[in-house]
Structures are given as C-alpha cells and as structure tokens.
Amino acid sequence: MTEIHMPRLSDTMEEGVISTWHKQVGDQINRGDVVAEIETDKAVMEMEAYDDGVLEKILVGEGETVPIGVPIGLMGDGSGAAAAAGPSESDAQESSTGSGEAGASADSAAAEAAPRPAAASPAESGAEPHGRPKASPLARAVAREKGVDLSTVTGTGPGGRIIRVDIEAAAEAAGGAEQRRSQAPESRPAERSEAEQRDPELEEIPLSNIRKVTARRLTESKQQAPHFYLTSAVDVTDLVSFRADLNERLQASGGPKVSVNDLVVKACATALRANPSVNVSFRDEKLFQHKRVHLGVAVALDSGLVVPVIPDADRKSVSEIAAEGKEKAERARDGKLKPDEMSGSTFSVSNLGMFGIEEFSAVINPPEAAILAVGATREEVQVQDGEFVVRKMMRMTLSADHRAVDGAVGAVFMQQLTSLLQDPIRIIA
Amino acid sequence: MAETATRSKPASSGSKSRRGTRSGGNRVQQRQGNTALGSESQETLRDYFRQMSLIRRFEERAAQGYTQAKVGGYCHLNLGEEATVVGLMSALRRSDYLFTNYREHGYAIAKGIEPGRVMAELYGRTTGTSKGLGGSMHMFDTEVGLLGGYGIVGGQIPLATGAALAIDYRGGDEVVMCQMGDGTTNIGAFHESMNIAALWNLPVVFVVINNYLGMGTTVDMSSAESELYKRAVAYRMHGERVDGNDVVAVQEAAGRLVEHARKTGEPAMLEAVSHRMKGHSVVDPAKYRSAEDAEAAREADPVATFRSQLISAGVLDEDGAAEIERAVQADVDAAVAFADDSPHPDPATLFDYTYATPVANDSRRLPADPVF
Amino acid sequence: MAVITYRQALHDTLREEMLSDENVFLIGEEIGVFEGSYKITAGLLEEFGEKRVRDTPIAEEGFVGAAVGAAMLGLRPVVELMTINFSLLALDQIVNHAAKIYGMFGGQSSAPMVLRTPGGGGQQLGATHSQNIELYYAFVPGLKVVAPSTPADARALLKASLADNDPVLFLENLALYNTKGEVPEDAPPAEIGKAGVTRVGSDITIIGYSRMATVATQVADQLSEEGVSAEVIDLRSLRPLDRETLVESVRKTGCAVIAEDDWLTYGVGAEIAASISDGAFDYLDAPVRRVAAAEVPLPYAKPLERAALPSAESLNTAVRQTLEAVGHRR
Numbered sequence: 376m377t378e379i380h381m382p383r384l385s386d387t388m389e390e391g392v393i394s395t396w397h398k399q400v401g402d403q404i405n406r407g408d409v410v411a412e413i414e415t416d417k418a419v420m421e422m423e424a425y426d427d428g429v430l431e432k433i434l435v436g437e438g439e440t441v442p443i444g445v446p447i448g449l450m451g452d453g454s455g456a457a458a459a460a461g462p463s464e465s466d467a468q469e470s471s472t473g474s475g476e477a478g479a480s481a482d483s484a485a486a487e488a489a490p491r492p493a494a495a496s497p498a499e500s501g502a503e504p505h506g507r508p509k510a511s512p513l514a515r516a517v518a519r520e521k522g523v524d525l526s527t528v529t530g531t532g533p534g535g536r537i538i539r540v541d542i543e544a545a546a547e548a549a550g551g552a553e554q555r556r557s558q559a560p561e562s563r564p565a566e567r568s569e570a571e572q573r574d575p576e577l578e579e580i581p582l583s584n585i586r587k588v589t590a591r592r593l594t595e596s597k598q599q600a601p602h603f604y605l606t607s608a609v610d611v612t613d614l615v616s617f618r619a620d621l622n623e624r625l626q627a628s629g630g631p632k633v634s635v636n637d638l639v640v641k642a643c644a645t646a647l648r649a650n651p652s653v654n655v656s657f658r659d660e661k662l663f664q665h666k667r668v669h670l671g672v673a674v675a676l677d678s679g680l681v682v683p684v685i686p687d688a689d690r691k692s693v694s695e696i697a698a699e700g701k702e703k704a705e706r707a708r709d710g711k712l713k714p715d716e717m718s719g720s721t722f723s724v725s726n727l728g729m730f731g732i733e734e735f736s737a738v739i740n741p742p743e744a745a746i747l748a749v750g751a752t753r754e755e756v757q758v759q760d761g762e763f764v765v766r767k768m769m770r771m772t773l774s775a776d777h778r779a780v781d782g783a784v785g786a787v788f789m790q791q792l793t794s795l796l797q798d799p800i801r802i803i804a
Numbered sequence: 089m090a091e092t093a094t095r096s097k098p099a100s101s102g103s104k105s106r107r108g109t110r111s112g113g114n115r116v117q118q119r120q121g122n123t124a125l126g127s128e129s130q131e132t133l134r135d136y137f138r139q140m141s142l143i144r145r146f147e148e149r150a151a152q153g154y155t156q157a158k159v160g161g162y163c164h165l166n167l168g169e170e171a172t173v174v175g176l177m178s179a180l181r182r183s184d185y186l187f188t189n190y191r192e193h194g195y196a197i198a199k200g201i202e203p204g205r206v207m208a209e210l211y212g213r214t215t216g217t218s219k220g221l222g223g224s225m226h227m228f229d230t231e232v233g234l235l236g237g238y239g240i241v242g243g244q245i246p247l248a249t250g251a252a253l254a255i256d257y258r259g260g261d262e263v264v265m266c267q268m269g270d271g272t273t274n275i276g277a278f279h280e281s282m283n284i285a286a287l288w289n290l291p292v293v294f295v296v297i298n299n300y301l302g303m304g305t306t307v308d309m310s311s312a313e314s315e316l317y318k319r320a321v322a323y324r325m326h327g328e329r330v331d332g333n334d335v336v337a338v339q340e341a342a343g344r345l346v347e348h349a350r351k352t353g354e355p356a357m358l359e360a361v362s363h364r365m366k367g368h369s370v371v372d373p374a375k376y377r378s379a380e381d382a383e384a385a386r387e388a389d390p391v392a393t394f395r396s397q398l399i400s401a402g403v404l405d406e407d408g409a410a411e412i413e414r415a416v417q418a419d420v421d422a423a424v425a426f427a428d429d430s431p432h433p434d435p436a437t438l439f440d441y442t443y444a445t446p447v448a449n450d451s452r453r454l455p456a457d458p459v460f
Numbered sequence: 002m003a004v005i006t007y008r009q010a011l012h013d014t015l016r017e018e019m020l021s022d023e024n025v026f027l028i029g030e031e032i033g034v035f036e037g038s039y040k041i042t043a044g045l046l047e048e049f050g051e052k053r054v055r056d057t058p059i060a061e062e063g064f065v066g067a068a069v070g071a072a073m074l075g076l077r078p079v080v081e082l083m084t085i086n087f088s089l090l091a092l093d094q095i096v097n098h099a100a101k102i103y104g105m106f107g108g109q110s111s112a113p114m115v116l117r118t119p120g121g122g123g124q125q126l127g128a129t130h131s132q133n134i135e136l137y138y139a140f141v142p143g144l145k146v147v148a149p150s151t152p153a154d155a156r157a158l159l160k161a162s163l164a165d166n167d168p169v170l171f172l173e174n175l176a177l178y179n180t181k182g183e184v185p186e187d188a189p190p191a192e193i194g195k196a197g198v199t200r201v202g203s204d205i206t207i208i209g210y211s212r213m214a215t216v217a218t219q220v221a222d223q224l225s226e227e228g229v230s231a232e233v234i235d236l237r238s239l240r241p242l243d244r245e246t247l248v249e250s251v252r253k254t255g256c257a258v259i260a261e262d263d264w265l266t267y268g269v270g271a272e273i274a275a276s277i278s279d280g281a282f283d284y285l286d287a288p289v290r291r292v293a294a295a296e297v298p299l300p301y302a303k304p305l306e307r308a309a310l311p312s313a314e315s316l317n318t319a320v321r322q323t324l325e326a327v328g329h330r331r
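Chains as they are written, first to last, in my numbering: chain A, 376 to 804; chain B, 89 to 460; chain C, 2 to 331.
Watch out, some of these pointers could steer you wrong.
Claimed, not checked - Derived lysine to any residue pairs resembling SDA-like cross-links, with alpha carbons at most 20 Å apart:
(1) C:Lys195 / B:Val447
(2) C:Lys52 / B:Thr352
(3) C:Lys195 / B:Thr442
(4) C:Lys160 / B:Pro446
(5) C:Lys52 / B:Arg258
(6) C:Lys195 / B:Val459
(7) C:Lys52 / B:Trp288
(8) A:Lys597 / A:Phe735
(9) C:Lys160 / B:Ala448
(10) A:Lys509 / C:Glu325
(11) C:Lys253 / A:Glu520
(12) C:Lys52 / B:Ala286
(13) C:Lys195 / B:Pro446
(14) C:Lys253 / A:Arg519
(15) A:Lys509 / C:Ser278
(16) A:Lys521 / C:Phe282
(17) A:Lys509 / C:Phe282
(18) C:Lys160 / B:Val447
(19) C:Lys160 / B:Thr445
(20) C:Lys253 / A:Ala516
(21) C:Lys253 / A:His380
(22) A:Lys711 / A:Glu423
(23) C:Lys253 / A:Arg515
(24) C:Lys52 / B:Asp256
(25) C:Lys52 / B:Asp261
(26) A:Lys509 / C:Gln322
(27) C:Lys253 / A:Gly444
(28) C:Lys253 / A:Thr377
(29) C:Lys195 / B:Asn449
(30) C:Lys195 / B:Ala448
(31) C:Lys253 / B:Val459
(32) C:Lys195 / B:Thr445
(33) C:Lys52 / B:Gly260
In case anyone wonders, no lab produced these hints; they're calculated from the structure.
One chain only, chain A, in its complex shape:
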C-alpha cells in the first residue's frame, strides 16, 4: 500500500486544495502520471505519481483543502486491500475537511490545528540566561524552514525546550486562522460560519489559496511596514507618441505590441539600477540590498491578485519585457504560472489605468520595499511658458516602506523616473 500525500509545491505552501483528480478509483497509475492538480498558495500545479499501482481510494475530494503531508489517496495492487487497511496509523492525520475518512485521531503533530496551550511556567520557559531560546536541533531546522521566530514560541518539551510540534503549532497559528475557515461548507456543515447560520441572505465564499495568501501578506504589509506615499504627475505626451511610433516599427518586424505599462516597467528598472537604495528589502530587522532588479507586474484575476516576475528587467529591452509580460500574464490567468515565476521580485508595478483610475496608492508586496501605482492617462490643460496647452498626463504614486527607504530617497527615484518617462528615447537608451 502506498499513500499519496498532499505534496509541498512551493516554498511557502502550507496546505493545498485538490482542484482536480485526474485518476479515479480503480485507475492504473504509472510512475510519472499526473494524478491530480493541486492549487497551492501560488498556482495550480500538477502532481505526478512516484509509484506504480492502482488508485484504490480517494481520501480528499476535489475542492477540499488539507495540509502538506496529509494522505489524500491510497494506492494498492488493485485488490482493494489498501483501501480496506486505510492510511497507516502513524501517518493518519485528520484532514482539515474533517471527512473522517483519513482516520479519526489527530495524533500527529502536523494535524494539530489549534495552537497548543502554553504549558510551561515562566520558571520552565525555554529562554536561556544568554537569551538563546532552548530548542531541539530539529525544532530549529523546522523553524528555519517555516520562517518561525523561535523567540515567539513557547516550548512544551522537557524544561520548556521548544520541540518540533511547537514550531508546527506556531506556524499553523500564524498562517492557519483563515485556512481553517476555508473548509468547504458541504463537507463540514457543523462548522459553517456563524454569520452564515444567522443570516440566510449571506453566503460564504470559500477563499482560494491565492486570496488567502494575498490577504495574509498584505495584512502583514500594512501592519508592519510604515507606508509613505509620493505622487508625481507625468507629462506622457511624448511617451504616447513614442509608443505609437515604436509599435509601428515593431509590428513591421513582427515584434510584440508594447504598452505604456511596459515602458513604465522598463523605466522603473532603469531608475532602480540608478537608485539602488530603493531596490532593497526589510526583513527580520535587517536591511538587504538586492544586486539584481526583478520587476513584479501585478495582474488581476478572478481568483485574486498574482504578480508575475520579470527577472533582470533592467537588462531586458522593452520588447522583451512586453513579450515576457504578456506571456506570463496569460499563463497566470490559466493558473499555469510556476511558483518560482511569481517569487523573488524586488519591486512591483501595479497599473489600474485601464479602468480609468486617475491615481491610487498600492500596498507594498513584502518583502519588497516599494511599489509603484500607475493611473490612467488623460488630456489636461497645463500651463507651459505662460500659455495654456493640452497635454497627456499620467499620475503615479510610489508606496515605500519607511523602515527601508527614506522620503528623500524615494523622491529622487520618482524624479528620475518622471524625467525618463518625459524623455522616452532615454528609456530604450
């Protein structure tokens, strides 16, 4: 008997949703076959089989969410013995769907949803006199992996030692509150939200993983990063005609169509290269300088917001950025973007101009230190050399994390960016 477990498919994934079972009970599975599609916190990923066998039981149905490592199906020789035996006791973890099929006892640490009560008295607490929390080597390794700060964890091992289960409980507590609410209503009616039970007019919509992650990340950003905002009005009259000119030439040679946003992305990359103080991250009380410039470009989907990354945007031509951005945005809409194509950006650009939004302020995408919100382009009357003139204007707002970027530093960046966009030939220089 072989158990199929919820796989870990991204660096930050803690649980996954079965979006599709490609195999049904009774189907032969060969090593390498796509068994199911799993929606992670970042994308929908294919899960391949590591063993040959027959799918004898599906433990977690489509649409259901379970933590990494929980059995989601059983493979056997086709005799049905695997299904009869069920998942091994030691590995049996109550899936958060509560379907009951995966075994009733939640004896494994990984399955514990609720943070454990802090049992250790102050005298037993794991803090050592020299300030280093007392933790087992395994707990330290798991904490590193899950990004848990040991000083925030209460140890429940002997003498207040922090042990693996404590880290797992802490990680779950940090990331699991909303996850626990995500359980499909039909699978666990008893846990339908109070609001839903009270008000028949109100229907809870299960959160997609992408939305859950977005919610957690942006809450964290707004709570922890002190945002400040710098808005510039850019005269893009020349930029618009430059773009038209460029597209005409590119089209002739079969190249991609370049959007104003592609030009903004390229200009940002160039300005970041010139102002490395903005191309930074603030994390764990430390400031990090990025040596490369990776631009995230926000894309709105029905299921939430995703930010495909254009690596080394400062070293790419505008047409390359245009082609890559278009291709990645399309794959993002199909849920086919790989996790590593959505991580590692050092600065993001969000553009709501197509909706006619004049200007807005974006929430920083951690651990980046700044994001540029780009509004719509429209004709405005400007005063130039004492004359009224009609110019095409675009407003953009930089949100910056004041822990990492000072006001003046942000202002210089915006000044250079504005100057680039107003003299567009320099963007492609």
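Given chain A, work out where chains B and C should sit, using these hints.
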C-alpha cells in the same frame, strides 16, 4: 661445547650481589683462540665471517642512521650477537619459519633478506620488508620464512607455537624457530607456550639469547632459576646451553635440535649465552653496567675473535679478511643508498592495510574529517 | 526453514564449515571431551577427532596466540573462549598480535580466525563472570566484532566470519543460547559491517545489539499495541559500525534510545550517540538516551543483579520518556 638440562645444578650465587654482574652459575666456558672450527668447510667458515661482518657493519650504520634521524622509533641492535645470529640462521632451511623479538635486523639479513630492504624498513620506505609499516621491530618476509619481529616481549612465543601447530596439522616437515631474550622466560606466554608445545608435540625450537640483561635488569635479579635452559625440564622438554659467541657451536647445537624437531616433532629449548655490546637500544648509554662487565663484552667481540681464529687456522689471511670487510662495507653502503633513494609511503595508502577482507563501513576518516 | 535454538544454529554452522573446509578447526577449553561449557560443540570431537577439535590447557594467552600463529600459516581456527571475561587473559594476543598482523607487516600475512565468546550477566555469576566487554575489542582497528542476536544471524554471521581473512570477535550471549528462531538453511553469509533494521517504524529509533537487540524488539512490540511506531536497529556489527543506517533512521524519527548491556560511561552507546550527533544533529528533537548497565562490579544477590542490568522495563521507560519529550501524541 654445550651444557644440557640434565647437568647438575652449579653452586648457587647465594648472597652475592645480583646487580650488574654475572653469577658464577651463568658462566659458560668460552672458546679461546685457535680451537676447533668443527667440520665446516672453509668456504662455509668464510661465509660465516662475511655474514657476521655484514651484520656488524649494518648495525653500526643503523645506529648512525638513527643519529641522522633517518631511523625513527626504537632501534635495538644485534651488536655482540653476530655469532649467535649467524649460527642459528645457518641451522634453518629457507622453508623453516622464524619468529623473533624486536632485536632482529641481523636475523632478517641472515635469514636471507636483502640488507637494502632491511635498511629501507628502518628508514620507513615502501621498499622495506614491511613496506615501511613495521619499522625496526617488525621485519617480515614470507619468502624467507621470517614471520615477524615482535615488539611485545613474549608475544611471538604463542604465535610460533601456533605456526608449529599448523605444520603439525598439515603434516609438513618445516620447523619453527622462536627467538627471545632472557627476560622473556619469566612471562606467562613463555610458560603457556612451552607447555602447549610439549603437550602437543609441536616442531618448534625455542631459543633464548641470554645476554644477562633485560634492559637494565640482570638475569639474577629477575629469574629464580638463572640457568634458563633448565626451565625446559618443567615441561619434559630437552633444554641445553651453548656459547653464543661461538658461531660453529651455535650452528651445531641449533642444527641438531632443529633436525630432531623435524624428525620427531619434538620441541626443544636452546639457551645461547651471549653479550650485548651496547645499550638496550641505540639511545641507552648502559650506565647501569659495571666497568668490568662492559669490558668483558668488548673483549668477547665475536667478530674479532672469529676473524683471528680463521687467520690462525689458515682459513683466511689478512688480505682475504680485509677484502671481505671491504665487500661488506660496500654492501652496507649500497643498502643505505637503496633505502635513501626509496620512496616514502604515500599518505593516500594509509588505509590499505587495516583489513585483509574489505567490509562495509570500514572507517577511513582522517583526524580532521567530519564523521558525516 | 527450521525453527532451532541459537545454540543449535552455532553448532550446525560450525559442523557444516568443518565439513566443507579441512582448514577449519576448533580450539579452546573444554570443547571436546566436555563438549563445551555451553554445549555448542557437543558431538564434534566424536565426529571430527582430536586434530579438528582441540582441547587446550587453561592458558588463554597460549592457545589464542597459537591460533593466531596457525592462522598466519593459512589454517582457519575457531577459538572458543569460555566467556568473554577470560578473553582478558589473551588480550595481548588479540590486540597486540591478531589485530596487527595484517597492517604491521604491510599486508604480507593475516590472521583469519574467529574468536567465539559469550558475554552477558543475569545468571548470578558474580562480578568477574558477567561482564560485557566487547567494547575493548570493538575499539581496535584490525579486529572485526560481530554480535548476532537471533539464530538466523548467528548462522549468517558465523559463516561470514569464517569466510573473512581478518580476526573476528564473534560475540555470543548466555541469555541467547536457548532462544529460538527460524534459520533458513540456504541463506547467504551476512555482510559484516552492516546493521539491520529489524523493525520499521516512524516515531522513535531503538538501537541495540546482541541480547539488547532482542529486548528492543520486545519493547517495540509492547509499544506498538499502544500505537507507537518504533524502528528497531540491530547493530549486528560493532566494528565496522554501520553509522549510515543509524543516522538514516534517526533522521526519520527525530529521536533515539540505545539499549546496551555494557556500562554506560565510554560504552558502545556513547559511540552511537556521538555518531547520531554527527549525522543527524539537525533532526534530533530530544537528547539521545542510553539504557545501560549500572556502573558497579555486578553483585551476586538476585535483587541487586536485577537492579543493575538493563531490561525490557527499563528500556520501555526510557522510550516512553523520550516519546514524551518530543511531544508524541500531543
């Protein structure tokens, strides 16, 4: 001229001091000047002289190599024992086996190993008798039947007995000779092995080199029965004593006992009374020896004595002796050159000789290597 | 496949090896006429004669050394040391000679021999006859030390030891002689230097050898009824030591308890614990525990002897405490 274990007990050394001198009971009548050279051919006698001279020169160069830091560790020399060494080895066939203690350079050469390979072992080189892994105390060569010099006093005795057991088991006609020093006769392994060899009728000749000194401790200080050959009586084994300074006498006695063992399987014990010319090892100034004892050892020099004997008997003339000495000197020079030119073992071979049969998980970790 | 005792497995394997190789002979005290203190060699003198089954005087140094010398000339002696306590009388021949022949002389000769000897206490044999001092030999490069815990292993490891060209100390145990188990007659020799995972589990690793390997299995069985999945490792070989298998298991379970009949300080378990620290440091969720004999000359009186020796109860307690320490089932 030998004393046997059946002889009556000599006068006890009684109240005499047992330190630094020989008791009367231990004296062996020494051959003087032009006495019988036995029935050996002149050629054989000249070869004995050549071998004894070779060992003498070799050991002098070994001591020199030690002072030059070419030779490390302990270094025990056969100086003063050349007649015993050559006499004993002449009694053995090439196929016979020899086990010795740590004072064995001369035995290795006399058993047939090239002096260069013996010197190379002292120098710790790959061409040495034990590939440089053994050193002065641990010469070995299966080809000539030297099954080891052993550094632990008495350690070779059970092994030699076991080798004789193997010969007996297979019905072979080889004989084992087991050499040891006088101090060794007090160790348990000696008595256990003498008993076993006699009990099981094994073809082994135990040879005790009695130079009266176990390091600085005399036989009288350490042995209740100072006539060591008599210890054989306790195991109903034949024991006898021979003048170790007389190469012909040693060859005769050893040859007789070896052939008897070959024929009957019966073990025997031979005590060769000898002199250690220098200290226990090259670093020992031997301050504990009385002046007269040291003088006696110098006077008894078996190489010089045998040389004049041969000249007196007309076996050699002065020129002939000098020519042998020149040739021997050249052999030793060549041995030193060979050793000096030979490669040091490569540290990469460190783990090549821990196990004869390789097995899983054998540790090959160097001191600073992590275990994982 | 026959179910036979550990004793019978040793006897049958010795007999088989003697039949198949003329060079194999037995040597030791009381192995012939008396048929062995523990009757392993019963009947063999009658079948093979005095040449192949050699009774010796009480002279461990003498006859162990004689076996080494015989092995150097190509015989394959199997020495029986009545108990491991008496091996101390032959320590010089085992450590300074048998272990050194191959290396010290540059690989020109070796000492292919097996030193069979039982260790263990628990029969009120008192301080000098109840020791577990296999560590003395496991410490020495040049020797190999194996410790079978089952009749099948006794056979497979004895065959491997006889096929090996190095001196092998073959550790038996008084308490194991009457234990029974299936012994496949056509099984190949075991691999010296390999530990066995005798029970697969995921919650905790229990490591033992010789008698304590069987106790470890017993404790794992008890705990499995309570839902604990314990992995049991039988070292089988103390030198070489299979660190890989130990570490691989602890990397999986995150905790380990070592069961050893010897004394704790500097014992076999200390080396195992150090190896786990070397190879599985980041995987440890609790300190490695050792269940070992109390550090006293073993007393004669039964209550004192029982208190001093490790048992299923003491191992069970240590395993439970370790499971508690890693938050098992919380």
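Checklist entry - Taken at face value, is the distance from the CA of A:Thr377 to the CA of C:Lys253 at most 20 Å? => result holds (18 Å)
Next on the checklist: For C:Lys160 and B:Pro446, compute the direct alpha-carbon distance and say whether it is at most 20 Å.
Outcome noted: Holds, at roughly 16 Å.
Item to check | Agreement of C:Lys52 and B:Asp256 with the hint, judged by alpha carbon distance not exceeding 20 Å | outcome: holds (10 Å)
Item to check | 20 Å Cα cutoff - pair C:Lys195, B:Thr445 | outcome: holds (15 Å)
Checklist entry - If you draw a straight line from the CA of A:Lys509 to the CA of C:Phe282, is it 20 Å or shorter? => result holds (15 Å)
Checklist entry - Given the proposed pairing of C:Lys253 with A:Glu520, does the C-alpha separation stay at or below 20 Å? => result Since the Cα atoms of C:Lys253 and A:Glu520 sit roughly 17 Å apart, the hinted pair holds (cutoff 20 Å).
Item to check | Straight-line alpha-carbon gap A:Lys509 to C:Gln322, limit 20 Å | outcome: holds (19 Å)
Checklist entry - Are the Cα atoms of C:Lys253 and B:Val459 separated by 20 Å or less? => result Holds. C:Lys253 to B:Val459 sits at ~19 Å (cutoff 20 Å).
Next on the checklist: Given the hinted pair C:Lys52 and B:Gly260, is their Cα-Cα distance within 20 Å?
Outcome noted: holds (15 Å)
Next on the checklist: Please verify whether C:Lys195 and B:Asn449 have alpha carbons no more than 20 Å apart.
Outcome noted: Cα-Cα ~7 Å, so holds.
Item to check | Satisfaction of hint between B:Val447 and C:Lys160, Cα-Cα up to 20 Å | outcome: holds (14 Å)
Next on the checklist: Hint check: C:Lys195 vs B:Ala448, CA-CA at most 20 Å. Holds or violated?
Outcome noted: At roughly 7 Å apart (the allowed maximum being 20 Å), B:Ala448 and C:Lys195 satisfy the hint.
Consistency with the previously given hints is maintained throughout, with no hint failing.
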